[in-house]
Amino acid sequence: MNDAVFPAGSAFETASEASGPTINLADVLQQVAEHKGCGTEGGGTKPSCGSSDGPADMAPEIWEKVKNHPCYSEEAHHHYARMHVAVAPACNIQCNYCNRKYDCANESRPGVVSERLTPEQAAKKVLAVASTIPQMTVLGIAGPGDPLANPDKTFETFRRISEVAPDIKLCLSTNGLALPDWVDEIAKYKVDHVTITINMVDPEVGQHIYPWIFWNNKRVTGIEAARIITERQMLGLEMLTERGILAKINSVMIPGINDHHLAEVNRAVKSRGAFLHNIMPLISAPEHGTVFGLNGQRGPTAQELKALQDACEGDMNMMRHCRQCRADAVGLLGEDRSAEFSTDKIMAMEVNYDAEGRKAYQQAVESERQAKVAAREEELAGLDAAADISLLVAVATKGHGVINEHFGHAKEFQVYELTSSGAKFVGHRRVDLYCQGGFGEEDSLDTIITAINDCHAVFVAKIGGCPKADLTAAGIEPVDQYAHEYIEASALIWFKDYLARVASGEITHVARGDAAIRQGALTSAA
Amino acid sequence: MAFKIIASQCTNCTACEALCPNQAISEKGSTFVIDPALCTECIGHFDDPQCVAICPVDNTCVIDAAQPRYQP
Chain A
251 MNDAVFPAGS AFETASEASG PTINLADVLQ QVAEHKGCGT EGGGTKPSCG
301 SSDGPADMAP EIWEKVKNHP CYSEEAHHHY ARMHVAVAPA CNIQCNYCNR
351 KYDCANESRP GVVSERLTPE QAAKKVLAVA STIPQMTVLG IAGPGDPLAN
401 PDKTFETFRR ISEVAPDIKL CLSTNGLALP DWVDEIAKYK VDHVTITINM
451 VDPEVGQHIY PWIFWNNKRV TGIEAARIIT ERQMLGLEML TERGILAKIN
501 SVMIPGINDH HLAEVNRAVK SRGAFLHNIM PLISAPEHGT VFGLNGQRGP
551 TAQELKALQD ACEGDMNMMR HCRQCRADAV GLLGEDRSAE FSTDKIMAME
601 VNYDAEGRKA YQQAVESERQ AKVAAREEEL AGLDAAADIS LLVAVATKGH
651 GVINEHFGHA KEFQVYELTS SGAKFVGHRR VDLYCQGGFG EEDSLDTIIT
701 AINDCHAVFV AKIGGCPKAD LTAAGIEPVD QYAHEYIEAS ALIWFKDYLA
751 RVASGEITHV ARGDAAIRQG ALTSAA
Chain B
66 MAFKIIASQC TNCTACEALC PNQAISEKGS TFVIDPALCT ECIGHFDDPQ
116 CVAICPVDNT CVIDAAQPRY QP
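Heads up: the sequence lines are chains A and B, in that order. In my numbering, each residue carries its 1-based index in the first sequence increased by 250. In my numbering, each residue carries its 1-based index in the second sequence increased by 65.
Keep in mind the hints are simulated off the structure, nothing from the lab. Every residue gets a Cβ at the ideal spot worked out from N, C-alpha and C, and that includes glycine. Warning: the hint list may mix true and false statements.
Here are the simulated distance ranges between beta carbons [claimed, not checked]:
{"hint": "1", "chain 1": "B", "residue 1": "Lys-93", "chain 2": "A", "residue 2": "Ser-592", "range": "18 to 28 angstroms"}
{"hint": "2", "chain 1": "B", "residue 1": "Ile-128", "chain 2": "A", "residue 2": "Gly-607", "range": "56 to 66 angstroms"}
{"hint": "3", "chain 1": "A", "residue 1": "Gln-553", "chain 2": "B", "residue 2": "Pro-86", "range": "49 to 59 angstroms"}
{"hint": "4", "chain 1": "B", "residue 1": "Gln-74", "chain 2": "A", "residue 2": "Ser-617", "range": "49 to 59 angstroms"}
Here are the computed lysine-lysine pairs in the DSS-like style, where the Cα-Cα straight-line distance is at most 30 angstroms [as the list claims (entries may be wrong)]:
{"hint": "5", "chain 1": "A", "residue 1": "Lys-468", "chain 2": "A", "residue 2": "Lys-351"}
{"hint": "6", "chain 1": "B", "residue 1": "Lys-69", "chain 2": "A", "residue 2": "Lys-351"}
{"hint": "7", "chain 1": "A", "residue 1": "Lys-595", "chain 2": "B", "residue 2": "Lys-93"}
{"hint": "8", "chain 1": "A", "residue 1": "Lys-674", "chain 2": "A", "residue 2": "Lys-648"}
{"hint": "9", "chain 1": "A", "residue 1": "Lys-648", "chain 2": "A", "residue 2": "Lys-746"}
{"hint": "10", "chain 1": "A", "residue 1": "Lys-746", "chain 2": "A", "residue 2": "Lys-674"}
{"hint": "11", "chain 1": "A", "residue 1": "Lys-595", "chain 2": "A", "residue 2": "Lys-674"}
{"hint": "12", "chain 1": "A", "residue 1": "Lys-315", "chain 2": "A", "residue 2": "Lys-468"}
{"hint": "13", "chain 1": "B", "residue 1": "Lys-93", "chain 2": "A", "residue 2": "Lys-351"}
{"hint": "14", "chain 1": "A", "residue 1": "Lys-674", "chain 2": "A", "residue 2": "Lys-661"}
{"hint": "15", "chain 1": "B", "residue 1": "Lys-93", "chain 2": "A", "residue 2": "Lys-468"}
{"hint": "16", "chain 1": "A", "residue 1": "Lys-440", "chain 2": "A", "residue 2": "Lys-609"}
{"hint": "17", "chain 1": "A", "residue 1": "Lys-661", "chain 2": "A", "residue 2": "Lys-712"}
{"hint": "18", "chain 1": "A", "residue 1": "Lys-595", "chain 2": "B", "residue 2": "Lys-69"}
{"hint": "19", "chain 1": "A", "residue 1": "Lys-609", "chain 2": "A", "residue 2": "Lys-315"}
Below, a sample of chain B positions facing chain A; criterion: calculated Cβ distance under 10 angstroms [as the list claims (entries may be wrong)]:
{"hint": "20", "residue": "Glu-82"}
{"hint": "21", "residue": "Ala-83"}
{"hint": "22", "residue": "Gln-115"}
{"hint": "23", "residue": "Cys-120"}
{"hint": "24", "residue": "Tyr-135"}
Whole structure, please, built from the sequences with the hints as guidance.
Structural data, given as structure tokens:
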């Protein structure tokens, strides 16, 4: 079996947390996801109980497509898992942030070996995972090359999976070059979510991102290559929209190359009917061996990324919970259970596909969502005191929208923005494991502090005395009294207390600094 | 001359295999190999050798100097 390290095609996830003055589908989606059985009034963002089919201003079929897709709904990603099967290794373009020889630095988590699967193995793996993880609702093909540069393997995989597990949603992620040729096939297999990685709509910009493409049996370079990519991406997006297939756009933010240009990309894709925009930070380090890694091109800071996402949010729903996962990821977005499902293991597994059990689990999740949103709604009153104060808090969670992770075990922290209008998910920060067997702990703590340096507090289920003192010294308040409580409700209770302390003069509100986006590989806890 | 694949640089991505007009490329062990008896350097099929054009690692599909030049 091949043991080469495979890069990923494109990252997948997507989200929906947002608010704005006009109709904001993402916000509506999130509220409805939380308020199973509730709709919305007009274009506002206040939910009210109404139709059981979804929000009033969303077609029921769209609601059905997104309500339990962890990549298309921020709220869903706390509860539902996805998996990618690496059946598509070939690629038809070269990107400066990708190095096929070792690993894809950008759209996969680097440094992890994966196996290439046949469509038959992939179908077996999907059943094995679905039987083990009832919350696994989505199967994606994201490479490790481009799914549509491997159309036979990609569609054969979809065909097999739709036969054995028809309740699993299918999606794929592509660079878009071959997309117009395959849109009808995509529709035929009921693939109702397609992600296109669009980093530019101007070939002048594109020539600095794509050194070449393979087009009509030739290698095409420079501005001409970028022009063809743009044409094909825009055409493909329009064709998806015409057929009612939801399109998410992934964009890699490359400071100095396309960071300012991405606002234009945002307008271009929105006008062609894209559903969601996921602006991701460039991951670039010399050890990745990519063009950008070797020439010193840096990725954005956390503040730069958030500023761009905030600026584009008025125009379109933004995804902020993307984990830039690799092409064989398995599990909730913040975790990776792929090691449990290696080819050797799945071939030996006894698989019982329990459709009823999966349904029962998913119904329980809906009740959990309702309880969570009810808890949050109760805490929304009394936030007026915040006035202009807005701050970020980090949360250690293993999922379900609950503060349920030990500080030392957290592989990432979710970041919420607290303002007078409530608590809003705005991102996540990867960190090294802090507890790694008793050595290097000080370095790890520094890594965490750097990653959440823009946060005023960190919410954890439990935390030791030493890190608590160090965090406090760094100006980040460790908060452990809300263990196993809902994230948003707890954050709002804490925020009101914080505001009261500011009002009484006990503390002074000061702005925090910037934070770094982690560049290295995420080491597995397993 | 036929083309050959430098095994240590091959990422096993399979892209060349599907494009070869002569089915000269196959998987062998953890890499792909070109059968020199079948390789025509894409002469008569395409302007550019397809394996060279699609390979994600430059200088991995190269002319095999040990083989005689392909004669159409």
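Hints, one by one, checked against the model:
1. B:Lys-93 - A:Ser-592: 18 to 28 angstroms: About 23 angstroms separates the Cβ atoms of Lys-93 of chain B and Ser-592 of chain A, which means 18 to 28 angstroms holds.
2. B:Ile-128 - A:Gly-607: 56 to 66 angstroms: With Cβ atoms ~58 angstroms apart, the hint holds.
3. A:Gln-553 - B:Pro-86: 49 to 59 angstroms: Check passed, 52 angstroms falls within 49 to 59 angstroms.
4. B:Gln-74 - A:Ser-617: 49 to 59 angstroms: holds (54 angstroms)
5. A:Lys-468 - A:Lys-351: holds (21 angstroms)
6. B:Lys-69 - A:Lys-351: Satisfied, since the Cα-Cα distance of roughly 17 angstroms is no more than 30 angstroms.
7. A:Lys-595 - B:Lys-93: Roughly 24 angstroms separates the two Cα atoms, so the pair holds.
8. A:Lys-674 - A:Lys-648: Holds, at roughly 18 angstroms.
9. A:Lys-648 - A:Lys-746: holds (25 angstroms)
10. A:Lys-746 - A:Lys-674: Answer holds: Lys-746 of chain A to Lys-674 of chain A is near 15 angstroms, not above 30 angstroms.
11. A:Lys-595 - A:Lys-674: Status violated; Cα separation ~40 angstroms.
12. A:Lys-315 - A:Lys-468: violated (38 angstroms)
13. B:Lys-93 - A:Lys-351: holds (18 angstroms)
14. A:Lys-674 - A:Lys-661: Distance ~21 angstroms between Lys-674 of chain A and Lys-661 of chain A Cα, so the pair holds.
15. B:Lys-93 - A:Lys-468: Holds - the C-alpha atoms of Lys-468 of chain A and Lys-93 of chain B are around 26 angstroms apart, at most 30 angstroms.
16. A:Lys-440 - A:Lys-609: holds (20 angstroms)
17. A:Lys-661 - A:Lys-712: The given pair, whose Cα atoms are some 14 angstroms apart, holds under the 30 angstroms limit.
18. A:Lys-595 - B:Lys-69: violated (35 angstroms)
19. A:Lys-609 - A:Lys-315: Distance of about 16 angstroms is within 30 angstroms: holds.
20. Glu-82: The hint holds - Glu-82 of chain B has a Cβ within 10 angstroms of chain A, the shortest such distance being about 8 angstroms.
21. Ala-83: Cβ of Ala-83 of chain B sits 7 angstroms from chain A, so the hint holds.
22. Gln-115: It holds, given that the least Cβ distance between Gln-115 of chain B and chain A is near 6 angstroms, below 10 angstroms.
23. Cys-120: holds (9 angstroms)
24. Tyr-135: With a minimum Cβ separation of about 18 angstroms from chain A (threshold 10 angstroms), the hint on Tyr-135 of chain B is violated.
Hints 11, 12, 18, 24 from the list above are not met by this structure, while the remaining hints are.
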